[in-house]
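One line per chain: the protein sequences are A and B, in this order.
Converting from the first sequence to the working numbering requires adding 7 to each position, the first position being numbered 1.
Converting from the second sequence to the working numbering requires adding 832 to each position, the first position being numbered 1.
There may be inaccurate statements among the hints.
[Said to hold, decoys possible] Which chain A residues face chain B? A few, computed with CB under 7 Å, are given here: (1) Leu55; (2) Gly235; (3) Tyr332.
[What the hints assert, rightly or not] Covered, in the sense of this in silico footprint (three residues per stretch, anywhere, with C-beta under 8 Å from a C-beta of chain B), are these stretches of chain A: (4) 32–43; (5) 226–233.
In short, the hints are calculated from the structure, not lab data.
Just so it is clear, CB atoms sit at the ideal spot from N, CA and C, and this is done for glycine as well.
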Amino acid sequence: MLKEKIENLKKQFLAEIEKIRPSDEALFELEKKYTGRKSEFIGILKSLKDLSQEEKKQIGELANNTKNQIWEIIKNKRQEISENSFDAEKEKIDVTIPGKKKSVGHFNPISLVRRDIEDIFVSMGYEIADGPEVETGWYNFDALNIPKDHPARDMQDTFFLDAEAGEEKLSMRSQTSAVQARYMEKNKPPLRIIVPGKCYRREATDTTHDHTFYQFEALIVGENVNVGNLKFTAQEFFSAFFKQNVTVRLRPSYFPFVEPGFEFDISCTVCGGKGCRACKGGGWLEIGGAGMVNQNVFVSAGYPRNKYQGFAWGFGLERLAMMRYKIDDVRLFHGGDLRFVKQF
Amino acid sequence: MKYSYNWLKELSDTKLSPEKARELLTMHSLEIEGMEEKKWNFDGVVVGKILEIKKHPNADKLQLTKVDIGNDKLDIVCGAKNIAVEDKVPVALVETKLPNGIEIKEAEIRGEKSFGMLCALDELGLGTDHSGIYILDSKAKIGEPAKKYLGVEDDTIFEIKVLPDRAHDATSHVGVAREISVLENRNFEYDFDGLKLPASTRGDDRSSTRGWPSKKSKKLTVKIEDKKSAQGGSASGGLCSRYIGAVMEDVEIKDSPSWMKQRLEASGIRPINNVVDATNYVMLELGQPLHAFDAEKISNKNKLQIIVRKAKDKEKLVLLDESILELNNSDLLITNGETPLALAGIMGGKDSGINENTKTIILEAANFNAVNIRRSRTRLGVKTESSDRFEKDIDPNLAEKAIVRIIEVLEHTADAKLEGVIDVYPNKIKPCKIKLDLEYVDNLLGENIPKKEVIKILNLLGIKTSLSGNKLIAETPTCRVDLKTQEDLIEEIGRIWGYEKIEPRPLTEPVIPAKINEILSFERKLGEIAVGFGFDEMYNYSFYSEIDAKNCALDGIKHFELSSPMNPDQKYVRVSLVPNILKNIKTNLKNFESLNIFEIGKVYYPNNNAVEEKRMLVMAQVLEKDPVNFAEAKHGASKNAETFYNLKGTVENLLEKISVDENSISFNEVKLPKNHLAHAGRSAEILIDGEKIGMIGEINPIVLGKYKIGKRVAICELDTEKLLKISQKEIVFKSLQKFPTITRDISMLAKGETKAIEIQKLIKKIGGSLVLSVSMFDVFFKDGVTSFAYHIEFGAPERTLENKEVDEVMEKIVVGLEKELGLEIRK
């Protein structure tokens, strides 16, 4: 009996809600009519107390569910009304008006290149090492097998300081290799490090030379490190850096701290080695110097002679940044012009 | 150094094209920096035969000639008198452009027509000789291009960068020719008993071979006074390990033959006369610097003697180039017993040089201590082709090859006759023996190179080998001063064998997890934060000028100074990043209204005999509208110091990002002198837990004035290493506030110099744990009174606060502020 009554009320509600013009007021009235305090529904619920326990439970549940259904339907209807009242056209804006920008900072491109390089090497298990920029004669020269009065000291013009430490003048380090002996003194092989950093050479500046520049150097020492490993490592690195297959070519050269010593070239990253303007038709780009660590350097660092083998290689960060970003003047890096920095 | 490829070809017997040779040398031997073709262009110059010579009717100095050029007979007016009928001469035809720039045109010279020009050597670009028309070989064919009779050869010039390891042997044509031979798998046949002269001078002597001249000079004596040199070569510190003197007589001083001049010029040396040219020629060929003295000029009391000795302090010498040197006793002199004749190994003296009257010469082929030459030439500032070679340390055995060679050359080019030779060589240099472990060769190169191949390569390079077990005993020629160790030999093997044949191989060494470089990765993080806050990164030089140091009031701090800076603007090594940052600001204000910039870098302090380097982060800010205007600057009012407060906020944000506890940070007022870099009224030390980690402040307007910066500049300097230590504390999580909080506002007026931090501290002190935060939301200054306004947030961890409770605390706060700080609370 009550059950039928409830179901009828529901049918009646469903029919009525279909008929009305949906508006917030109409829905309010409808809600009041069916579930309000004076509604038939509440009357039914009030009469439950006269029923048996069994019926009370059964009918009560039905009544409650029905009431909830009604509420749900009304809620959905309200949502529908509100959504229908939203008109995107009326809210339309001009999306081409400039946005409100936050001020955005920029890294110097050397930093960008340096971070990339560091990430690649760290992923290959290299430690990042560093050392002083004002260096003693020992670390900048002697420990690197560049004795006083040796013509190799002329290979780079050094900025000496009007200050001495020990017998030799202090200088602005002319190469990151100065860190080699410093690191090896404190660490035993096997070791693999990279040394990025600021270096100084007393050279006239032009579009490809600056007296202050950033060098990057990798050093591996172990018992079985060979030239083949050097080639492999360089190839892996440059392929990762330039995101293409790069091959490395070694040419004989001389740096006092290595023996044998090489210049290394990479296959042209513009034409892949076929020959183009970037590589002046040769298919190769000169990148840096490399070699097998000279045993004298090991001895300077306190290692026994001929126990270890290692390789070192290095290059200028500016050169890589110039290649990557097609920068045509090295002086821009230290020029302090925001029109330059803000492009990166 | 410049090398003539014709010369290299002749010495090495190679048939390679210059391009191919360049490629081979580049990949296996030396770096070739440039290659330049030298082509002689005599288009339009033909062989002509003189048919008639007549006097010019209107000019005494001119003659009229008729010249047969095969297909025509030309009338040509000529000034030179050295011509005769039947002579064959180079004729430049009308419309020819000569190497010296003259263009030949039809001309009328004093009424006589001229259809061409008879050429002297200088007009053809062949030296400076203008003494007369060049007379060609009588066999020259009329009408043919004159080029083939002018003794010129087209050539290719290599510019080779010889590095110090090969400077002992490869700053010579022989050295490079030896490389070419080896790379073509041929033994290099060149020794002092097999010297060849270019074909044009060989004549009948072609097959002659020469040995060490057996004639001992009867006229010359040579003595080396430096005691140490008796002990042996350069390595021992002896200043002169060898001195060979040769006397040549009946010398006819004249121009060198054209082939020799061409070769000298190809190598960038100016021809002078046949004797001087011969010394240079042999030096370019063999790498041994030579010197020639005029015997007459140096003879002392009719005795011809050479005494090698150290200079006396303040002894003077006038060099060939007329410069006067003041010497000291570390310089080495060549003397005649009394007078200095030459600065040994560097430059000859003016008074002993060769001139057109020289008849007898003394040739010097010696070996001087490399280090000493280097020191002398550096100190005296005289750098020559000779000193360049000696300071690289050359083989004393080379001297005898060179003396034989120059004697031979001068016999041809100066008709000179050898009187005799004196050789003082107390300690003969012996070849170096190296024990080479063949396994090590493979281990270091990473490839298996067959033993046979190794031996072949070494032998081709003139290194003698013998096997002893798995070791090779290698005897290196004395000219290869660079070969001393196993690794030196492995390099020779590797490069000749070919580095391109070495396969790339992954490392077999164990990978050990790398330690993190904390300071570098921290600085990288700081950079990221700064960029995130809208700052642009600057890279500056580590130098500035003395004036910068003064302008920035840094001149009281001891700076390192560069001994020889690029320019005075870069003499001082920085103790602060600020001067260059100010220059950045100045530069960029031309293009930008406001800027936020930063730099991470080192500063360098002398500290007794040591160096102290500090790592700094500097951030600087300039706002669009905050001009330097003293009238508006007033105490406590942020609106008049926006630049400062903006940057201070950035620093606070930065410290938050690196997890520094807000409560541990304080910005303390500092007393600064009026002329300090920082604005004495607008600067603070930044302390964390009482430790100073940096400074923040506006730049002193007086300093800004010096840099012509018209806007306020705020700068902070932070010591990144100190920051790193502080920021390493782990973050400790605080439970989230579960119960609702209540916020009350309070505003007050201060008449005196009450500081914001005092108010904030007092509120916290009185409010105790119920005060969760105190934040200022307004401050302004008007009529001598500063108004402060704060939000105070109250809350408790375990319950909801009641309004009544908060009212009570607020009451206490009001009383406290009034009593303790004398503030007037606005109701």
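Counting residues of the region 226–233 of chain A with a beta carbon closer than 8 Å to any beta carbon of chain B, are there 3 or more?
holds (count 6)
Given Tyr332 of chain A as an interface hint, is its Cβ closer than 7 Å to any Cβ of chain B?
Constraint on Tyr332 of chain A not satisfied, violated at 15 Å.
Status of the Gly235 of chain A interface restraint (C-beta, 7 Å, chain B):
3 Å, holds
Leu55 of chain A as chain B interface residue, shortest Cβ-Cβ below 7 Å:
39 Å, violated
Are 3 or more residues of the region 32–43 of chain A near chain B, judged by a Cβ distance of less than 8 Å?
Coverage by chain B is violated here, the residue count being 0 at a Cβ distance below 8 Å.
Figure legend: structure checked against the earlier numbered hints; hints not met, in rising order: 1, 3, 4.
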